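*Asks:* Read off the chains here:
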Amino acid sequence: MGTKESTQASNAHLTTPTRLTGAEILWATLVGEGVTDVFGYPGGAILPAYDALRKFPIHHVLVRHEQGAAHMADGYARASGKVGVAIATSGPGATNLVTGIATAMLDSIPMVCITGNVPSKVLGTDAFQEVDITGITLPVTKHNFLVSKTEELAGALRQAFQIAQSGRPGPVLVDITKDAQQGTAIFDFEAAKPQPYRPHPMLRVEEAGLLHAAELIRNAKQPVILAGHGVMESGAMEQVRTLAERAQIPVALTLLGLGGFPASHPLNLGMMGMHGEAWVNHAIQEADLLIACGMRFDDRVTGNLATYATKAKKIHIEVDPAEVNKNVKVDVALVGDLRAVLEDLLPRIPGRDGSAWLKTIDASKGAVAVRDIKNLPDSGHLYAAHVVHDLWRATGGNAVVATDVGQHQMWEAQYFHHDQPRSLVTSGGLGTMGFALPAAIGAKIACPEKEVWVIAGDGGFQMTAAELSTIVQEKIKINIAIINNGYLGMVRQWQEFFYERNYAASGMVSPDFVKLADAHGIPGLTVRTRAEVDDAVQQARKADGPFLLNFMVEKEDSVYPMIPAGNSLHEMIRRPGKNPLVESPED
Amino acid sequence: MLHTFVAYVEDLPGVLTRVASLFRRLNININSLTVGRSERPGQSRLTLVCEASAEAGHRIRASLFKLENVVDVDDIAQAPSVTRELALIKVAASPKNRAQIFDLVEVFRARIVDLTSESLMIEMTGVESKIEGLIEVLREDDGRILEICRSGKMTMRRGHHVSSVLKAMGAVDEAPGNAVPVAVGDVAANEPE
Chain A
1 MGTKESTQAS
11 NAHLTTPTRL
21 TGAEILWATL
31 VGEGVTDVFG
41 YPGGAILPAY
51 DALRKFPIHH
61 VLVRHEQGAA
71 HMADGYARAS
81 GKVGVAIATS
91 GPGATNLVTG
101 IATAMLDSIP
111 MVCITGNVPS
121 KVLGTDAFQE
131 VDITGITLPV
141 TKHNFLVSKT
151 EELAGALRQA
161 FQIAQSGRPG
171 PVLVDITKDA
181 QQGTAIFDFE
191 AAKPQPYRPH
201 PMLRVEEAGL
211 LHAAELIRNA
221 KQPVILAGHG
231 VMESGAMEQV
241 RTLAERAQIP
251 VALTLLGLGG
261 FPASHPLNLG
271 MMGMHGEAWV
281 NHAIQEADLL
291 IACGMRFDDR
301 VTGNLATYAT
311 KAKKIHIEVD
321 PAEVNKNVKV
331 DVALVGDLRA
341 VLEDLLPRIP
351 GRDGSAWLKT
361 IDASKGAVAV
371 RDIKNLPDSG
381 HLYAAHVVHD
391 LWRATGGNAV
401 VATDVGQHQM
411 WEAQYFHHDQ
421 PRSLVTSGGL
431 GTMGFALPAA
441 IGAKIACPEK
451 EVWVIAGDGG
461 FQMTAAELST
471 IVQEKIKINI
481 AIINNGYLGM
491 VRQWQEFFYE
501 RNYAASGMVS
511 PDFVKLADAH
521 GIPGLTVRTR
531 AEVDDAVQQA
541 RKADGPFLLN
551 FMVEKEDSVY
561 PMIPAGNSLH
571 EMIRRPGKNP
581 LVESPED
Chain B
1 MLHTFVAYVE
11 DLPGVLTRVA
21 SLFRRLNINI
31 NSLTVGRSER
41 PGQSRLTLVC
51 EASAEAGHRI
61 RASLFKLENV
71 VDVDDIAQAP
81 SVTRELALIK
91 VAASPKNRAQ
101 IFDLVEVFRA
111 RIVDLTSESL
121 MIEMTGVESK
131 IEGLIEVLRE
141 DDGRILEICR
151 SGKMTMRRGH
161 HVSSVLKAMG
171 AVDEAPGNAV
181 PVAVGDVAAN
191 EPE
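Protein chains in written order, with our numbering: chain A, 1 to 587; chain B, 1 to 193.
Chain A extracted, bound-state conformation (with noise of 0.2 angstroms):
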């Protein structure tokens, strides 16, 4: 990190307006923006960038791989709320960025990409490593900058910033030339100050909108509740949990929702959709009214359209008027801030007597819980669900968990229990394995205070192993749990389910996790039966430094329920009642 001289010259640049080359301005900008730590790699065209650093108050996290370093700051944006940063140089430090940048806007995420490119005379010559990274993301980004002049950075920057965390964030990335970097301008934080930011011109959130909302959730029978990201995007955590109590109806949740409302509350149904329990997706199958906050009725949410809670009328409070009537019709939009909307809307609601639905949704779970993988006998055999389970136990809850996707993604969702906002950092759209490791070294930074967990499977902790090197090099505790079954396991289960149990290219050799993290300098253990989860898991959370638990799993276990894609809710997969599971030679 180096010493960080002239603090507080470098803080006087924000006051009083000073020539300096492109490179002071981009940090000069970033520390003006509130910007504290950034994930980057160095390179040629980002060199100028790089030499500028030191002088700045700006903590950078060298990451391994920049896929890792676009994943770091979005781990940090989920986990903290603000904006993550990551930095690249030009061609292929760019490219690597491209799968996070589509993480964090398939999912919403508030961050800003900064890239370096070769010198503008020879942009479009294909100079060495040059590429059109503009144009490679225009259709991953909300926004993207080209800037060649040093004067035109520090605007671009600011409104980067304003771009990615106002309506519905997501990820803005500025590609900067060697020469803007190199030139000098005169930065002038408060001129560089964006335009006030317009919002969306087809918001709209009707008086007769609300009373209409207001009069379906007065009249309704059977209403549910479906909270999705946006209650975390907006903080209106507090305004869908008042709305849930004073009219008493049950909120179930999509993935990224998770979190925003506590899973404890006992108005809390659960996850949602493809891998929700049975009884959350029976509640939505049989409602009379959906009550949509923040969330996009995603097909993973929906399953068939054609029929999806087909009896229920149905409310989108939403911020982006592209996302109403999309997949699913709606009979009230309410297109706005969610918080801002809730608030108008919430004077209008009066209490409400909704424990017949509520008894009924409670007696549909009976049959439902013997099945629950919990409670199968213990045949010393270890199951995913059951190391999730305890480690849920073990930290109280109040871990910050980071996933990457597949089952164990599920099983995170169904038996980590998140009574904290901004607990979950998963990758929900585009679903993106190899996230948990970097994400989580991005929460850990964002919040040095909290307990942070990576579960991850084996088959995508391999995708991004090598951030390993960068938790031990920024000396962060990190306690990582790999739910090791040898296959891709949500392959696999596809492939089981699907394909006749063909189980092609699903199969995976891994090396010794333990191994793998002793020669990092982290230590670990293996656990191969329930009796050991426990102890392992307050080994690693007692251990001063990162540690690693490598859990040999049930090779064939599935995630049950499942609603085959493109199903109806209502048509699951639901664990057989015997236990079908094949046994491993190993255990």
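Just so you know, the hints here were simulated from the structure itself, not pulled from any lab data. Keep in mind that a hint or two might mislead.
Listed below are the simulated SDA-like cross-link pairs for lysine to any residue, each with C-alpha atoms no more than 20 angstroms apart in a straight line [stated by the list, open to error]: (1) A:K326 - B:H58; (2) A:K193 - B:E10; (3) A:K326 - B:D75; (4) B:K66 - A:R204; (5) B:K66 - A:V205; (6) B:K66 - A:D331; (7) B:K66 - A:N327; (8) A:K326 - B:G57; (9) A:K326 - B:C50; (10) A:K326 - B:A56; (11) A:K329 - B:A56; (12) B:K66 - A:Q162; (13) B:K90 - B:I145; (14) A:K326 - B:S63; (15) B:K66 - A:G135; (16) A:K193 - A:T16; (17) B:K66 - A:Y197; (18) A:K326 - B:R24; (19) A:K329 - B:H58; (20) A:K326 - B:E55; (21) A:K313 - A:D331; (22) A:K121 - B:A56; (23) A:K329 - B:E55; (24) A:K326 - B:L67; (25) B:K66 - A:P196; (26) A:K477 - A:E451.
On a predicted model such as this, the values are computed, not experimentally measured, just so you know.
Given chain A, put chain B in place with the hints provided.
*Replies:* For chain B alone, kept in the frame of chain A given last:
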């Protein structure tokens, strides 16, 4: 159905790509696209015509507005409006058969804008069907048409129409009597000469 979007966009490099990319992503073919300077400094006006489902109109407009460089979008749909297209057509014509083409041009109220010993160029402005009509007649002689250059449609609402966005920006005064556009009978609502 055929959608016609009129948009004001910032006059900057790459803005057209952003607009076009949105339609590419939705797998919608752009039938025609015209862009040029507008009455607003620093903003271009474009008319984009495409085929998409009736419900898609709302989402396309909402998505266009999400592009940072897009200032204003109007979905003309069935609103009373005037649409025009410009065509330049070069045809082979010798001194012998020129007169016949002159007659055609007269009938279609087009103009001859260039004349050489072997060819002439016709300029024509009008609605799409009228331009199609002239081309069809010219095609009756094989090989006569040498080149066709068409601008694509340009559309403007009839009457005093000012978008809500402009009003919100304070770019226009909302003077009393500025009523909604009025279609003066069928002829006016459709496409007069």
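*Asks:* If a hint holds in the structure, say so; if it does not, say that too.
*Replies:* Verification of the hints:
Our distance criterion of 20 angstroms between C-alpha atoms is met by A:K326 and B:H58, whose separation comes to about 9 angstroms. Between A:K193 and B:E10 the alpha-carbon distance is near 19 angstroms, which keeps this suggested pair within the 20 angstroms criterion. At most 20 angstroms may separate the alpha-carbon atoms for a hinted pair to count; A:K326 and B:D75 meet this at roughly 17 angstroms. Using a Cα cut-off of 20 angstroms, the hinted pair B:K66 and A:R204 holds, with the two alpha carbons roughly 15 angstroms apart.
Straight-line distance between C-alpha atoms of B:K66 and A:V205 comes to about 18 angstroms, which keeps the hinted pair within the 20 angstroms bound. Taking the CA atoms of B:K66 and A:D331, the gap is about 24 angstroms. The hint is violated against a cut of 20 angstroms. A threshold of 20 angstroms between alpha carbons decides the hint, and for B:K66 with A:N327 the separation of about 18 angstroms falls inside it, so the pair holds. Restraint check for A:K326 and B:G57: the C-alpha separation of about 11 angstroms stays at or below 20 angstroms, so the hint holds.
Restraint check for A:K326 and B:C50: satisfied, since their Cα atoms lie roughly 19 angstroms apart, inside the 20 angstroms limit. A hinted pair counts as satisfied when its Cα atoms are at most 20 angstroms apart, and A:K326 with B:A56 qualifies at roughly 9 angstroms. Of the pairs offered as hints, the one joining A:K329 and B:A56 holds, with about 13 angstroms between alpha carbons and a cut-off of 20 angstroms not exceeded. Under the criterion of a C-alpha separation no larger than 20 angstroms, the hint pairing B:K66 with A:Q162 is consistent with the structure, at around 14 angstroms.
In summary, the hint linking B:K90 to B:I145 is supported, as the alpha carbons are separated by about 6 angstroms, within the 20 angstroms threshold. Simply put, A:K326 and B:S63 have alpha-carbon atoms about 11 angstroms apart, close enough for the 20 angstroms limit, and the pair holds. With a C-alpha separation of about 17 angstroms, the suggested pairing of B:K66 with A:G135 holds against the 20 angstroms cut-off. For the hint pairing A:K193 with A:T16, the CA-to-CA distance comes to about 14 angstroms; that is within 20 angstroms, so the pair holds.
Between the alpha carbons of B:K66 and A:Y197 the distance comes to roughly 12 angstroms, so the proposed pair stays at or under 20 angstroms and holds. Of the pairs offered as hints, the one joining A:K326 and B:R24 holds, with about 18 angstroms between alpha carbons and a cut-off of 20 angstroms not exceeded. Straight-line distance between C-alpha atoms of A:K329 and B:H58 comes to about 13 angstroms, which keeps the hinted pair within the 20 angstroms bound. Between A:K326 and B:E55 the CA atoms are separated by roughly 9 angstroms; this keeps the pair inside 20 angstroms, and the hint holds.
A hinted pair counts as satisfied when its Cα atoms are at most 20 angstroms apart, and A:K313 with A:D331 qualifies at roughly 6 angstroms. Proposed proximity of A:K121 and B:A56 is contradicted: the alpha carbons are some 42 angstroms apart, above 20 angstroms. With a C-alpha separation of about 11 angstroms, the suggested pair A:K329 and B:E55 falls inside the 20 angstroms cut-off, and the hint holds. Taking the CA atoms of A:K326 and B:L67, the gap is about 18 angstroms. The hint holds against a cut of 20 angstroms.
For a cut-off of 20 angstroms, the pair hint linking B:K66 to A:P196 stands: about 16 angstroms separates their Cα positions. With a C-alpha separation of about 8 angstroms, the suggested pair A:K477 and A:E451 falls inside the 20 angstroms cut-off, and the hint holds.
When held up to the earlier numbered hints, the structure conflicts with 6, 22 and fits the remainder.
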